[in-house]
Amino acid sequence: MRIFDPHIHMTSRTTDDYRSMYAAGVRAVVEPSFWLGQPRTSVGSFCDYFDALLGWEPFRASQYGIAHHATIGLNPKEANDARCREVLDVLPRYLAKDRVVAVGELGYDSMTPEEDEVFAAQLALAVEHELPALVHTPHRDKLAGTRRTLDVVRESDLDAGAVLVDHLNEVTVDVVAESGCWMGFSVYPDTKMDEHRMVEILRRHGLGRMIVNSAADWGNSDPLKTVRVAEALLEGGFTADDVDRVLWRNPVEFYAQSGRLELPETAGPDDEQRELVGAAATFMGNSVLRGARE
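What the sequence shown shows, in this note's numbering, is residues 82 to 375, in sequence order.
Please keep in mind that the hints were generated in silico from the structure rather than gathered at the bench. A quick note: this is a predicted structure, and the numbers were derived from the prediction, not measured.
Only pairs whose alpha carbons sit at most 20 Å apart, straight line, appear in this in silico SDA-like list of lysine to any residue: (1) Lys158 with Lys223; (2) Lys158 with Trp299; (3) Lys158 with Gly118; (4) Lys158 with Ser93; (5) Lys158 with Tyr130; (6) Lys158 with Leu224; (7) Lys223 with Tyr269; (8) Lys223 with Val252; (9) Lys158 with Thr272; (10) Lys178 with Val333; (11) Lys158 with Ser126; (12) Lys223 with Thr193; (13) Lys158 with Asp129; (14) Lys158 with Arg221; (15) Lys158 with Asp222; (16) Lys158 with Val171; (17) Lys178 with Leu135; (18) Lys223 with Asn161; (19) Lys178 with Leu342; (20) Lys158 with Arg229; (21) Lys158 with Ser123.
Derived CB-CB ranges, DEER-like: (22) Glu281 with Asp232: 24 to 30 Å; (23) Glu236 with Asp170: 20 to 26 Å; (24) Glu316 with Tyr130: 36 to 42 Å; (25) Thr95 with Gly136: 16 to 22 Å; (26) Arg235 with Glu195: 16 to 22 Å; (27) Arg284 with Asp170: 44 to 50 Å; (28) Asp129 with Arg285: 41 to 47 Å; (29) Gly289 with Arg100: 30 to 36 Å; (30) Gly118 with Asp197: 22 to 28 Å; (31) Asp170 with Asp197: 15 to 21 Å.
Glycine included, each C-beta is placed from N, C-alpha and C at the ideal position.
Required output: the full structure, derived from the provided sequences and hints.
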């Protein structure tokens, strides 16, 4: 079984997570830029973060056998902070870089006028850079926020098929399905969506344009939730090919629109037994190893 987690915040995770993900079949990830839990107060702090998403983190993932990609954008929560608005000016240089496979996360948090403006501006950047967009729907007033999201997408020049609307549930999936956008579901231990509800949504709505992710971050989350969905699908009567479509081929199809996916060869039967960490490998002089054993 091969798995592509199309939305996971690996900067917040440990090397043990990388090992567990690899052992479970995860071979590729997309890490969206997001809110770090407290306000950033300068553009430079965003630049350092974006640089890490495109430098150290892909290197770290590679040492554990996982291909790492990123989406870059000004997240909706920080779109309301005037100190962060200049981030829009630096985004073009990051959106031109390899392994940046979409603009995002963008969209709504509190549905303010500031968020309207930043959302529309970043959709325009997606058009300019010929990239898809990863859109975050608000955690509150979900259906109204999703409808407003789709209105903004329709007003943009970005094709609906190049937009992934994430964090959906049973209440919001229908309106996104009708829009032609891709439908994203974040599977969490306690909130958003669980694997059993996910199976029922796929049973009712089919497998087309469906994207399942763990969205694992610094909160109570689980980087193996994609694996749990795969297991629940098989237990629920779906085929191995169905699982491969939802958890590999669908995210590949969506992010391949960027022209920047760099995916590994499929795993061989002995792949799980190989040594994952390249002891001699370094990034800017640094290794994932922390000194020699005495």
